[in-house]
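The sequence shown begins at 1 in the working numbering and counts up one residue at a time.
Keep in mind the hints are simulated off the structure, nothing from the lab. Model, not experiment: these values are computed from the prediction. Each hint can be trusted.
Label-pair distances were calculated between CB atoms; the ranges are: (1) 645 - 466: 12 to 20 Å; (2) 269 - 290: 26 to 34 Å; (3) 549 - 475: 27 to 35 Å; (4) 122 - 643: 51 to 59 Å.
Subject to a maximum C-alpha distance of 25 Å in a straight line, what follows is the list of computed BS3-like cross-link-like pairs (lysine-lysine): (5) 672 - 459; (6) 269 - 668; (7) 672 - 269.
Glycine is no exception: its CB is placed at the ideal position from the N, C-alpha and C atoms.
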Amino acid sequence: MLFSRMPAEQGLYDPSAEKDSCGVAMIADIAGRRSHSIVSDGVLALENLEHRGAAGAEPNSGDGAGILIQLPVELLDSLSSFELPSANGDGENTFAAGVCFLPQGIRERGSAVQRVESIAAEEGLEVLGWVPVEVDPDRADVGLTALGCMPYMSYLFVAAPEVDGSRPAGLELDRLVYGLRKRSERVTPEIEAEGSGLFFPSLSARTIVYKGMLTTMQLPLFFPELRNPLCTSAIAIVHSRFSTNTFPSWPLAHPHRYVAHNGEINTVKGNRNRMRAREAMLSSDLIPGDLERLFPICNPDASDSVSLDEVLELLHLGGRSVPHVVMMMVPEPWENHRTMDPRVRAFYQFHSSMMEAWDGPACVTFTDGSYVGAVLDRNGLRPGRWWQTADGRVILASEAGVLDVPQSQVVAKGRLEPGKMFLVDTVAGRLVPDEEIKLQLAQEHPYQEWLHAGLLEIKSLPERAHIQYNHESVIRRQIAFGYTEEDLRVVLTPMAASGGEPLGSMGTDTPSAVMSQRSRQLYDYFIELFAQVTNPPLDSIREEIVTSLSRVMGPEQNLLEPTAASCRQIVLPWPVLDNDELNKIIHIDDDGDHPGLSAIVLRALYEVERGGEGLAEAIEELRMRASEAIAAGYRTLIISDRDSDHTRAPIPSLLATSAVHHHLVRTKERTKVALVVESGDAREVHHLA
Numbered sequence: 001m002l003f004s005r006m007p008a009e010q011g012l013y014d015p016s017a018e019k020d021s022c023g024v025a026m027i028a029d030i031a032g033r034r035s036h037s038i039v040s041d042g043v044l045a046l047e048n049l050e051h052r053g054a055a056g057a058e059p060n061s062g063d064g065a066g067i068l069i070q071l072p073v074e075l076l077d078s079l080s081s082f083e084l085p086s087a088n089g090d091g092e093n094t095f096a097a098g099v100c101f102l103p104q105g106i107r108e109r110g111s112a113v114q115r116v117e118s119i120a121a122e123e124g125l126e127v128l129g130w131v132p133v134e135v136d137p138d139r140a141d142v143g144l145t146a147l148g149c150m151p152y153m154s155y156l157f158v159a160a161p162e163v164d165g166s167r168p169a170g171l172e173l174d175r176l177v178y179g180l181r182k183r184s185e186r187v188t189p190e191i192e193a194e195g196s197g198l199f200f201p202s203l204s205a206r207t208i209v210y211k212g213m214l215t216t217m218q219l220p221l222f223f224p225e226l227r228n229p230l231c232t233s234a235i236a237i238v239h240s241r242f243s244t245n246t247f248p249s250w251p252l253a254h255p256h257r258y259v260a261h262n263g264e265i266n267t268v269k270g271n272r273n274r275m276r277a278r279e280a281m282l283s284s285d286l287i288p289g290d291l292e293r294l295f296p297i298c299n300p301d302a303s304d305s306v307s308l309d310e311v312l313e314l315l316h317l318g319g320r321s322v323p324h325v326v327m328m329m330v331p332e333p334w335e336n337h338r339t340m341d342p343r344v345r346a347f348y349q350f351h352s353s354m355m356e357a358w359d360g361p362a363c364v365t366f367t368d369g370s371y372v373g374a375v376l377d378r379n380g381l382r383p384g385r386w387w388q389t390a391d392g393r394v395i396l397a398s399e400a401g402v403l404d405v406p407q408s409q410v411v412a413k414g415r416l417e418p419g420k421m422f423l424v425d426t427v428a429g430r431l432v433p434d435e436e437i438k439l440q441l442a443q444e445h446p447y448q449e450w451l452h453a454g455l456l457e458i459k460s461l462p463e464r465a466h467i468q469y470n471h472e473s474v475i476r477r478q479i480a481f482g483y484t485e486e487d488l489r490v491v492l493t494p495m496a497a498s499g500g501e502p503l504g505s506m507g508t509d510t511p512s513a514v515m516s517q518r519s520r521q522l523y524d525y526f527i528e529l530f531a532q533v534t535n536p537p538l539d540s541i542r543e544e545i546v547t548s549l550s551r552v553m554g555p556e557q558n559l560l561e562p563t564a565a566s567c568r569q570i571v572l573p574w575p576v577l578d579n580d581e582l583n584k585i586i587h588i589d590d591d592g593d594h595p596g597l598s599a600i601v602l603r604a605l606y607e608v609e610r611g612g613e614g615l616a617e618a619i620e621e622l623r624m625r626a627s628e629a630i631a632a633g634y635r636t637l638i639i640s641d642r643d644s645d646h647t648r649a650p651i652p653s654l655l656a657t658s659a660v661h662h663h664l665v666r667t668k669e670r671t672k673v674a675l676v677v678e679s680g681d682a683r684e685v686h687h688l689a
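Model the full structure from these sequences, guided by the hints.
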């Protein structure tokens, strides 16, 4: 990790597990009137969130603090020795600027600057100039740990050439500089060896971010320009970082380019993996150039909040408004919400076919420079309080009291509710009610019609005959799949009798699989990954509205281009199928009705007498058959070990599934198909999960 004291992966420590829990605040002038008071109040709110942040052994090396504001054009113009292009007729900036974290070494910094300028030329952009960012680490009393990895900071100014007398501006220009930033930040082995890596907290025509490995009190002292009266904005998002059991760094401080949040994204590993699989299908008419040059979208070495920000940025630049993207990524609980407007429900159901939720607990603040708002994820386990004042401002924070506002000046106040959005449109100059923005977005496309034409309920598919195995083969199959007497007595019998997971006391007296002297299933070598401290268990009875096992299966389409084909999938009420449902899927296209969902069975078996070598060859053959099936037009692959016998043993289903999945991710075919697993070795809830 650049500009960080974070150690490399070693032993049981994995830097990819970094998460944080913090304080966040948002201040905005509803009418969009820029002033220095919004910036200074944002800084004051940040200082009042000091207790939400943290420091290491050195009290003056903070976990991170920062502020996101609208691009302060007057300030930047006063700092630059060159002329900045004027705004267009709509008041949009025709230049983009941002703080760049560069190496401290002169040679390494020169190499990084040269690389940025070279990439800018390739992207068709003009580098207007570089201006050093004024920083004062001495007055801020920055600690030795933070100083030891502190970057050199410089403003970068870029613009696009004029076309027919006008320059690209605002969002259009942000789409152009997106490629410059992503490509410049990519760290190759050569760049790492040279030490010329760099990082942009932001690079935009609309917003700018000042942040660092600082405490909240240090931020305005470290960046004197935040105290300059020319530093004006109508929006300020501030963040105080508490990196729980993690290592701070300059880039991982919040805010990011669009978001800052209090909490964590506990589904981030799955979200990142799915985004990596989707990259093969991504294309956009709005983002210039081949998107493949910008992959991976999610930096695997960054934090959960960085990944959230990276995907939000892609979807926004790809054509959706920021509120739209936030609704996609952080949906409210819709499946069991009986009073929800059907049009809004259709919006959520359609987008669940395109992308899974990024679940917290988290309170997420966001802005694109015009819209500014916040949303609480559907679990509702993070606080968010807001106030509207008589002078036309709104204040939202992770707690009350971040600013001293007389009660006589408060005209409205409230709190964020699970899945609900608090939104300010500074262009229209109004607070947008949650119901209004969601209904407006729900009517952008005919989502209800698309769902009616595309989604198939598995119960609506015709019944199909399937093979009933002779009961005399049960013992042989139990032995083949490693069943024990304890499995039958303690696990399966109670499940068959009650229809639920067997109950037992906490803890286990069996050795860890890796230490056991007995043969253990592959499942036993894996454990569930979750943050127990911050995630109380859900009660599926009392919290039915946020509990669902329903999912969709089928091929995916381009995430950046929603069409009726995006939801051409099968709805499953739960992820576990019985034999009747499985055979409906196997024979789904027997009548030629559903060619886009046609299925093929791939046998996951290997020759017993050939041992480990035969197992390895069978796995490789399984991968190849998966690719061949996709090339032949099949869109559902069923990995089955049903036909094992005395010469052919089942490949462990976890191994077979992961082998096919990762092979298809590497070959960029994963989102073209659904994977269904038919196996005799999965018998506990842990195995299925």
